[in-house]
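There are 2 protein chains.
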Amino acid sequence: MNLTVGWVQQAMTGDAETNMQNITDGVRAAAKSGARLVVLPELHRTHYFCQTENPALFDLSEPVPGPTCDALGSVAAECSVVIVGSVFERRMPGVYHNTAVVLECDGTLAGIYRKTHIPDDPGYYEKFYFTPGDGPLYPVETSVGRLGVLVCWDQWYPEAARLMALAGADILLYPTAIGWDEADSADEKKRQFDAWQTIQRSHAIANGLPLVAVNRCGIETAPDSVGGIRFWGGSFAAGCQGELLASAGEEPDTGLVEIDLSGVERVRRIWPFLRDRRIDLYKKLTARLAI
Amino acid sequence: MNLTVGWVQQAMTGDAETNMQNITDGVRAAAKSGARLVVLPELHRTHYFCQTENPALFDLSEPVPGPTCDALGSVAAECSVVIVGSVFERRMPGVYHNTAVVLECDGTLAGIYRKTHIPDDPGYYEKFYFTPGDGPLYPVETSVGRLGVLVCWDQWYPEAARLMALAGADILLYPTAIGWDEADSADEKKRQFDAWQTIQRSHAIANGLPLVAVNRCGIETAPDSVGGIRFWGGSFAAGCQGELLASAGEEPDTGLVEIDLSGVERVRRIWPFLRDRRIDLYKKLTARLAI
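Chains as they are written, first to last, in the working numbering: chain A, 1 to 291; chain B, 1001 to 1291.
Next up, chain A with everything else stripped away, as it sits in the complex (with noise of 0.2 angstroms):
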């Protein structure tokens, strides 16, 4: 049962034409190359403007279903494959969304998902402008299988991996836009892209289920021209165990993977996790202390 996956990671252009010339190109490739589902990078069509809080940027939103969607669904249906794209949604005025848009491979809309943890750093500030999710987490069917698609700032949440896994998904999928700040020394730099790989791997253990991550890469200045972000790429799978499948480095990348859905089975009969969940003792993760 296994299912090719493809990537593609790109370097996003100021011009949202070009953005989505490449991103269905990709597309195009990863499906000639096999790819039966194919992952995209968070908020594709632009740069990434959560650099700075500007009102005037909210024109940059469309609503979903939209032309962004239909783009997709068009190379969708063309390629005949599923695709995980990633819209910024005006769902009305003043309720923005971080939305993945799930096309099915005969082009239509197979389902949504609005990212739920809302990140709010330095150079991004990603609570100005978009409306937390309001639930709940769930997989969306598709011909593919239950995909569990979480956006960036979710894969630091082991809750966010564990309700998809709960809720029945096949595999977890991450659309990212996330990078380093070059005034960071080269061991933070490092110790931050460790991070980030490992905590999604372990998503894949604790949970018994392969995952895809996908970011941007490139380095887009920021509006006020002071710092920056060098998106750092390294878009990656993993399988049941944790175990590294397939990786990029800091170049745009059209990634193909092979990923055997018949091991979440495996893997959770041998590695029972699910099985001793204490769920008696964890009333207090719905919390935010349990002091």
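Everything labelled a hint here was simulated from the structure, so no lab data went into it.
Honestly, I wouldn't trust all of these hints.
In silico lysine-lysine, DSBU-like type, Cα no more than 30 angstroms apart, as pairs [claimed, not checked]:
no. : chain 1 : residue 1 : chain 2 : residue 2
1   : A       : Lys190    : B       : Lys1190
2   : B       : Lys1283   : A       : Lys283
3   : B       : Lys1127   : B       : Lys1190
4   : A       : Lys127    : A       : Lys189
5   : A       : Lys190    : B       : Lys1032
6   : B       : Lys1190   : A       : Lys189
7   : B       : Lys1127   : B       : Lys1283
8   : A       : Lys127    : A       : Lys283
9   : A       : Lys127    : B       : Lys1283
10  : B       : Lys1189   : B       : Lys1127
11  : B       : Lys1127   : A       : Lys283
12  : A       : Lys190    : A       : Lys127
Computed list of chain B residues with no C-beta within reach of chain A, every gap over 10 angstroms [unchecked claim]:
no. : residue
13  : Asn1002
14  : Asp1070
15  : Gly1094
16  : Val1095
17  : Arg1230
18  : Glu1265
Because the structure is a prediction, the values reported are computed rather than measured.
For every residue, glycine included, the Cβ atom is placed at its ideal position computed from N, Cα and C.
Please arrange chain B on chain A, whose structure you already have, making use of the hints.
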């Protein structure tokens, strides 16, 4: 705010007195080298007796406090170190626990933790011997900090580490007994070891806490002479970003590591994961399934 932590990674013999002698010698050596906290492997008084289900082996259990607590308290006071040890606890006839005991540096019992998640695998028949701990998961207050003591199988559960963090732990500690089945392939062994280290590093990352895991080493044959376990050692310490600070190989090892406890505050400021937990959406974590 550095804390020097020692571990005593030992191969256990069939003789309890020899084991306790080796362990107390190790504590003395670690203390002499500057350790203020020494962590021991799980069930360090005996062979890992859970390779078979034998009612007579409940004879190995003892009360807490009791002889092992006394012996550890004695060496803790002698060396003026805090010790995290492990006891097969007889709580009442028919109720036995896999219990971590924390001895203060004056030799008194600071607190205990009863293993919450109990495994049951071929060769690890723990559900026969150990009643699951009845919680709550709470750190033990000591002169060297609030110790988030968990035990072995707990290490596969992000929930356990999270609960300790939310309850104010300063550090996560995992006495452990884990090893390879020699019948497994080299690849499978590598996946198991990597997963074991990776998921624990991920608890450090998710919670911004340092972590020390201490395993036994050596080969112990099964009582029925079929199979047996090659305990893989590999005791290690990780910092608050999950970075590996020190690690042991497969041989007996009295390790020493400097842990910067102020890293908790520093790292949680740059990685504010606890701020963004969506406790409004976590209710299903207390369910068996979320379907």
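Each hint, compared with the structure:
1. Lys190(A) - Lys1190(B): 23 angstroms, holds
2. Lys1283(B) - Lys283(A): 8 angstroms, holds
3. Lys1127(B) - Lys1190(B): Answer holds: lysine 1127(B) to lysine 1190(B) is near 26 angstroms, not above 30 angstroms.
4. Lys127(A) - Lys189(A): 24 angstroms, holds
5. Lys190(A) - Lys1032(B): 34 angstroms, violated
6. Lys1190(B) - Lys189(A): Between lysine 1190(B) and lysine 189(A) the Cα gap is close to 26 angstroms, so the pair holds against 30 angstroms.
7. Lys1127(B) - Lys1283(B): Holds, because 27 angstroms separates the two Cα atoms, which is no more than 30 angstroms.
8. Lys127(A) - Lys283(A): 27 angstroms, holds
9. Lys127(A) - Lys1283(B): The hint holds at about 23 angstroms.
10. Lys1189(B) - Lys1127(B): 24 angstroms, holds
11. Lys1127(B) - Lys283(A): Within the cut-off at roughly 23 angstroms; holds.
12. Lys190(A) - Lys127(A): Holds, at about 26 angstroms.
13. Asn1002: Asparagine 1002(B) clear of chain A: closest Cβ-Cβ about 18 angstroms, beyond 10 angstroms.
14. Asp1070: 30 angstroms, holds
15. Gly1094: 20 angstroms, holds
16. Val1095: 17 angstroms, holds
17. Arg1230: The assertion about arginine 1230(B) holds, with a minimum of 17 angstroms to chain A.
18. Glu1265: 16 angstroms, holds
When each numbered hint is compared with the structure, a violation occurs for hint 5 only.
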